[in-house]
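**Q** Turn these sequences into a full structure, and let the hints guide you.
So the sequences go chain by chain: A and B.
Letter by letter, the first sequence follows residues 5 to 655 of the numbering used here.
Letter by letter, the second sequence follows residues 5 to 655 of the numbering used here.
Since the hints were made in silico from the structure, they are not lab data.
One or more hints might be untrue.
[To be verified] Selected chain B positions facing chain A (in silico; Cβ < 8 Å):
| # | residue |
| --- | --- |
| 1 | T319 |
| 2 | W394 |
| 3 | L543 |
| 4 | G555 |
| 5 | Y620 |
Heads up, the beta-carbon is just placed ideally off N, CA and C, and yes, glycines get one too.
Number of protein chains: 2
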Amino acid sequence: MQTMAANTVSLQQVRIQDAFWSKYETLIRDTVLPYQWKALNDELPDTEPSYAIHNFQVAAGLKEGEFGGMVFQDSDLAKWLEAVAYSLATHPDAALEQLADEAIDLIVRAQQPDGYLNTYFTIKEPDKRWTNIQDCHELYCAGHMMEAAVAYYQATGKRALLDAMCKFADYIDTVFGPEAGKIQGYPGHQEIELALVKLYHVTGETRYLQLSAYFINQRGQSPSFFIEEWTQRGGVSHWSKGPTPKPDLKYNQSHLPVREQSEAVGHAVRAVYMYTAMADLARLTGDQSLLDACRRLWDDISKRQMYITGGIGSTHHGEAFSFAYDLPNDTVYAETCASVGLIFFAFRMLQMEAKREYADVIERALYNLIIGSMTLDGQRYFYVNPLEVWPEASEKNPGRRHVRPVRQKWFGCSCCPPNLARLIASLGQYIYTVDKRTLYTHLFIGSEIRATLDDVEVHLKQTSLLPWDGQVQFTLSLAAPKCFALAWRIPGWCANAQLQVNGEAYPLDGQLQNGYVIIDRVWQNGDRIELNFPMTAQLIQANPQIRADAGKVAIQRGPLVYCFEEADNGDLIAALALSRKAELQARFDASVLGGTVVIEGEGWREDVSAWHDELYRPITQQPKPVHIRAIPYHLWGNRGSGEMAVWLPVQ
Amino acid sequence: MQTMAANTVSLQQVRIQDAFWSKYETLIRDTVLPYQWKALNDELPDTEPSYAIHNFQVAAGLKEGEFGGMVFQDSDLAKWLEAVAYSLATHPDAALEQLADEAIDLIVRAQQPDGYLNTYFTIKEPDKRWTNIQDCHELYCAGHMMEAAVAYYQATGKRALLDAMCKFADYIDTVFGPEAGKIQGYPGHQEIELALVKLYHVTGETRYLQLSAYFINQRGQSPSFFIEEWTQRGGVSHWSKGPTPKPDLKYNQSHLPVREQSEAVGHAVRAVYMYTAMADLARLTGDQSLLDACRRLWDDISKRQMYITGGIGSTHHGEAFSFAYDLPNDTVYAETCASVGLIFFAFRMLQMEAKREYADVIERALYNLIIGSMTLDGQRYFYVNPLEVWPEASEKNPGRRHVRPVRQKWFGCSCCPPNLARLIASLGQYIYTVDKRTLYTHLFIGSEIRATLDDVEVHLKQTSLLPWDGQVQFTLSLAAPKCFALAWRIPGWCANAQLQVNGEAYPLDGQLQNGYVIIDRVWQNGDRIELNFPMTAQLIQANPQIRADAGKVAIQRGPLVYCFEEADNGDLIAALALSRKAELQARFDASVLGGTVVIEGEGWREDVSAWHDELYRPITQQPKPVHIRAIPYHLWGNRGSGEMAVWLPVQ
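**A** Okay, structure coming up:
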């Protein structure tokens, strides 16, 4: 297997200082984490209680009460704790750390003597552990708590949760596996596979890696574990209680052994979490067949099943992928968690192969769907991230009811908000990777990195004007001149990038390797590298196979996808159209949504005032010319409920 | 109330002889009725059994067995029998009549001594009559059997079923009503209301009219009958058995008293059957408030919630209306039965007010959705009638699974095929109406009518080239010159109609009354009236409020809506576009689908071969010019499974 097998850099190695992203980091720290802590403690007014902390208190014997919320409610606290850990890694905060320590203390108290941890089963069905692995998320919750434990240990050096989770993992290892007497099964919701890899990474315990590989390798083997389990429990489901049809194995990607899978199917979050673990295992074990499967599944998502915003999952039925080129904008799902997982998967692929396409997708999802899933004030969230909204349809057409025109305070199933928090809090991990003697820059986010290349300490400082402008500068600090490689991604959206080293043009024509410019030379302290990615507002067309976008265009400028909102263009956004030769002006407007680049130009608008009591009539008039304004997609829905569209008809 | 209150002409007064429609009449007679009889007798190979005849045999004590099929399965036989009656009225057929007599004998045997008739309750829950009126369709099945009884009596003069149904109606009248001890309720699925009006019409029994009015007037009063019934039966439903949420009263239009309703909501078939009865009652009782409600509901459907094909019902959730201008083409429902009911409603409105808009909708639904719901061979049917089909999406996107790309042999819920049969078999009823001294022609279907105007026998013969050409001629026969009025609808789709009386031009400018030309004069034997409706293929635009059609056009020529099929244009129909100034040629092609007018011209096609592994990229090329061909919508899906679209992007 010829791959780069680059390392993730630890969060402590990277410090973000960026005009655009530092705002989001701060928002997470100052607003989102405290807000979500309140949510987990059922302290948000007029909001469905979470019960997350409550459940741990009851399970720990500190409180009387019933279990509340979803069977996987524990994972919300785990993801919050993981986000806290990332934040502490870059911005120590004694008060926050104490809060986390107390939460960890509570978690550890809720752990059972044998290592088992799950408040649902401990409180509600203590003798039913591992009897409905398909539905009941025990391994999923375990995985999230392991991720939190690893992150917290890495951030603080504190082992309490890590030790507890090792104990849990050791216990799980006695329950699952190929040996007689163990359950030859695997999770109903994949997650622990990637978590066990992280646990292996910090502990060096190969049993964790082997257990992860077992779950991945066993998945989809015949006869089906889930069908046998379903039969054994009498054909009922956790969700309906009554009889349920035979499990749809595609839903949780257990329809085939993973190495035989080529199409992304089923529940999108389960899928990308699994692909992430597959990529981890391919990298760590050098398993070519696993890498091949990862590449096929990557291609199927990124080349056939991904929205322009970086969203995935075309249908709310099962929160799932549907099939190639089926990307409806109005009935879309595009769950926030799914794009978080897509970034995980893309980054694992990037660790193996420095190909631009992986980082392009990370950037696309980050700058559009991910930050768009939260209000500017950090206190409201989308679960579903549509590309077209008609608020009345969301209310009155049941097939579009899952599409909310405004972000919500919290959710009964609130997986997305803490997932978003842990991703943004760990953003520093995604900017760079380090191969033995190469430092790759994947994202253009102002930051500093300290890395070791061929035993030499390197300090690289990046300043960036993205996403508003394409100027990026790097300054290198190192003790003595040294030969090594620096590599930069040239984004897929930029056709005419320029690079200068110490003020001298460095031609890029024919120089790109998989979309990266790699400069391997003797570098000196103080070397300056300037990149320029000229940005224009471009009309983007979708592959004609995407029926939903036929005859339409979207606007993209740099990494940002734009959209048209009622707040700027009046209602009936669908009556707007763009000219194929539209001249679009981009300008920064400090008064709009906290300051953003708006795109304006001449478009067309059907004159609805010329229509009265008719539904259909012969085409007569041209639409009227009209001034149109687009805003970045990630800012939509911050000015009340209204119509929105990413794709508009083109004339 | 100033209305025309025109009479329906009886089927015996009209004989259709039409190049286009006689084919369908014959198909119903020779193929559809025998085919459906086989279906009702469970004799179709490889098809889910109907159980309809079986259930009557069991209920009649002629056979041992269980009840099979839906709780409303009886209605399939009733609708088939009604269709047979209409066929016998115009085309006597001793063998068919004997078959019907035997079926009627079976039905009568299944009737209970007190008049009750319902095979589900008789076989399965004999002591549960009238305990779940919301779900269990007892009154619905009763209504359909009454309609069959009336039609059979009118066609053959035989009273066996009519008497049985009068007995049933008498019994129902003892069960429902305002008096103490009766149920103050109304049907879960409206139907009996319009049937009781028919029963009143042939028997003169005013109790039937009063019972119909009771059901209509009681509906939606507070407290809600259905909520009380649901509480009394312990909050369960017939469908789920388990606990169900409180009934959604909009679903069956019992959310408001009918006179306060202004929006068409809920299950579309229930709605239009109810509106039909409301119009009947408004006409027969002169109830202005009921007429006002009918007009509002008509406007809401025909001006805000109707597809260009005459389909209604925008969502498969509850087979229901959604709201104004929400007319998605891909996730559409547009059930065949709903358009059948829409024609009923439109015709009742037309009986009160000779306004073109009613007949325009009847024509639109008939020529497009109705005949399009059946294969050319009469043996396969659509339940859902989409305006856009992508077979792979129907298979793989759960939100489009209800949209079938090919017509089906039969259905578990097989309401549509016999509904279609009874409508086409009674087509003669919809062509003309007679006011005291005015004979209205609403549809241009070759036929003869014998009517009495002011005590004078009039015979009018119509020949028509529709829908292929707009030439229509009328010849009048009468014993002596006489002053009366003849009226013709000038279709909404024709802007430049011409009329000649005995070869002399009759100017139409400023002469139309609500879209009708009315010539009131002394008519003579042999008078000839020629109408010409020039037809061109027109690009049709939808009201800009219909978001789903934004930036798109459809093609219509005369009453026919056209569509683009994969069989003519290759796959990826969505990659086609039309020019705003497209020159479209219409020509009759005898080789296509049994002979039809195809429409051809130059369009555009996105060059999919220029796309490979990309989902999105800057717009570059113009699409390629391409020869396109459209066929009438009603002929789609007769050449195997493939993509289809009515609306295409316009450049």
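**Q** Could you tell me which of the hints above the structure violates, numbers in ascending order?
**A** none
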